[in-house]
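Going line by line, the protein sequences match chains A and B. When we follow the numbering used here, the leftmost residue of the first sequence carries the number 1, and every step to the right adds one. When we follow the numbering used here, the leftmost residue of the second sequence carries the number 1, and every step to the right adds one.
Since the hints were derived computationally from the structure, they do not count as laboratory data. Errors might be hidden in some of the hints.
If several chains are the same, the list does not tell them apart, and a pair holds so long as it fits within one copy or across any two.
Stated by the list, open to error - Derived DSBU-like pairs (lysine-lysine); straight-line CA-CA distance at most 35 Å:
#, residue 1, residue 2
1, 216, 311
2, 185, 102
3, 266, 102
4, 296, 185
5, 324, 102
6, 295, 102
7, 102, 311
8, 330, 102
9, 251, 102
10, 251, 266
11, 216, 185
12, 216, 102
13, 216, 266
There are 2 protein chains.
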Amino acid sequence: MSEILATVGEFGLIDRIHSLLREEGIQLPEVALGIGDDAACLTPRPGYELLVTCDAIVEGRHYLPETISPRDLGRRAMTLNISDIGAMGGMPRFALVSLGLKGETPVHDVEDMYRGFMDELNPLDAAVVGGNLTKSGDRAFIDITLIGEVEPVTRVCRSGARPGDAILVTGYPGQSAAGLEILLKGKCPGIPMEHPVVRAYLRPFHRAREGRAIAKTGYVTAMIDTSDGFPGDLGHICRSSCVGAELWEAKFPLGGELQRAALELKRDSLDLFLGESDDYELIITCSQDRVNLIKKVLASLGPLPVSEVGKITQNEGEMVLIRKNESRDKLTPMGWDHFRE
Amino acid sequence: MSEILATVGEFGLIDRIHSLLREEGIQLPEVALGIGDDAACLTPRPGYELLVTCDAIVEGRHYLPETISPRDLGRRAMTLNISDIGAMGGMPRFALVSLGLKGETPVHDVEDMYRGFMDELNPLDAAVVGGNLTKSGDRAFIDITLIGEVEPVTRVCRSGARPGDAILVTGYPGQSAAGLEILLKGKCPGIPMEHPVVRAYLRPFHRAREGRAIAKTGYVTAMIDTSDGFPGDLGHICRSSCVGAELWEAKFPLGGELQRAALELKRDSLDLFLGESDDYELIITCSQDRVNLIKKVLASLGPLPVSEVGKITQNEGEMVLIRKNESRDKLTPMGWDHFRE
């Protein structure tokens, strides 16, 4: 029988996690003091600003334990934080993991979750340096604070988009929503990891390397990750930059697996692309004459598709969709809202 | 009727909190970018290390909503994080607040909780710079990551206690446990804020200023706050420092309100002092010839009682209690353990 938290206790679990991080995690010289004191102690690198982000996921709201393995859950929770640092052009460095867990949770599951964190952090030379453990209510939660570093000249905000700028998007936003829908319909037995959009939902990629590489060109005017869905996140850029956007349906990346999943779900792939979906792709704005350069930098890192899907306009807060038949629709930027259902 | 989260929504609530922090919070020049982008952006001060701590409190486990006002809850949640930074000799600077809330929560309550955060942060020239909002399960949670700064030479760890060092403790650990017990017995109608130990539980003080002042002397060999109860936390020092401790019952700070509360509860004040209790007092070790200096520095900051309650021994992991009748008892350092019940 596998050990559970209620039997090893909080301090037993801390010891186990500590050993695991020592054996399988990255040891950073900047960490003067990690887990095991009142606070972790870090030495910031001169010349860098710190980027600090925090994202929590709650059982039953952001993930379904019956459809995701503890290791993938760990990866996913870390990926969404890494994505936020990457969308500002930064490098993730130090993570604090705060877990709210149930007493009946197997210790092995918690260790696997930490392996998932390290799957994402180790290749980026980043590490878990602290955190907190507590008992949750009926739903477990994973709350991660991630600290990154960025050179002031490299940092990209949401607020720099200018009228006339091109709007680019990586990958296929909407895949994650399609994957979730397939999981929720429970059409496939077990966890259908072989289904590409289900995989996109359960094992999303962040674009932190890509975000940083293009930020370093100095030509990205605004950037954000698509964690609230494409229009929701583009809406955040428009709002912060006091601009609007014109989007071209004909250029949307609706092909490939998204299209196939839409057929399977009897959904319109356009709706999936424009709906709420927690992919971790990048929305990028830059002046028209830098589009090719940005695409070239992205291509140098791997075969990630990039689509130019529209342009920034001066019509503050207005997002217009130009359909294939040239009719114009107003788009309402709705993102995930955790309190409205 | 008061507005609730389900009607204003996540983004509406973020706007409200953002305005509140702008109007009533401290604006820090080191914050290049606060709430409203993917990550907050901070400029660390040259010559300082960063201290990063993270503590979550869960409704029904760490607090009872019916016995604490939202503003006091905010204070309490922030105090326990400030206490961790102070116990290392640092200054709190930047807080990230991650809230798991229920849809029926009044917006006003959330605003009051933020006022509680600011009650604690503003006087220390610290600010909330980011965070996360999500919907919780049956229990709300408040998870705070606090970033502080400390000069490398000032930082005090748990691991520096040496055999022969004096063990000092501030205030009256155990009061908080007594206050909680009175609340749980529900003997007093409403929230009996006038009861000193109930007040100690609901509105604890941190000793961050004191911790920093004595750390700056360079003579504190180890320090920790008493969030797990006095023996539990002293046990952390012993374990990290590879030492033991000898404690003198006759010198324990069992007087004042703790004594009166013990009588009222028909409890032994010694048990309250030695039990689990989340006060945020300091346990300090220093060499015998520095005790007076440390006491003098503490006295210069206000009328905080300090008791010399024992000494560090070389008997690794052994904590011995010398009773008033000179008999010797072994003490088991048990702290709060969230998974054992």
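message = Are any of the numbered hints broken by this structure? If so, which, sorted upward?
response = Going through the list in order, the structure violates hints 4, 5, 6, 7, 9, 11, 12 and 13 and respects the others.
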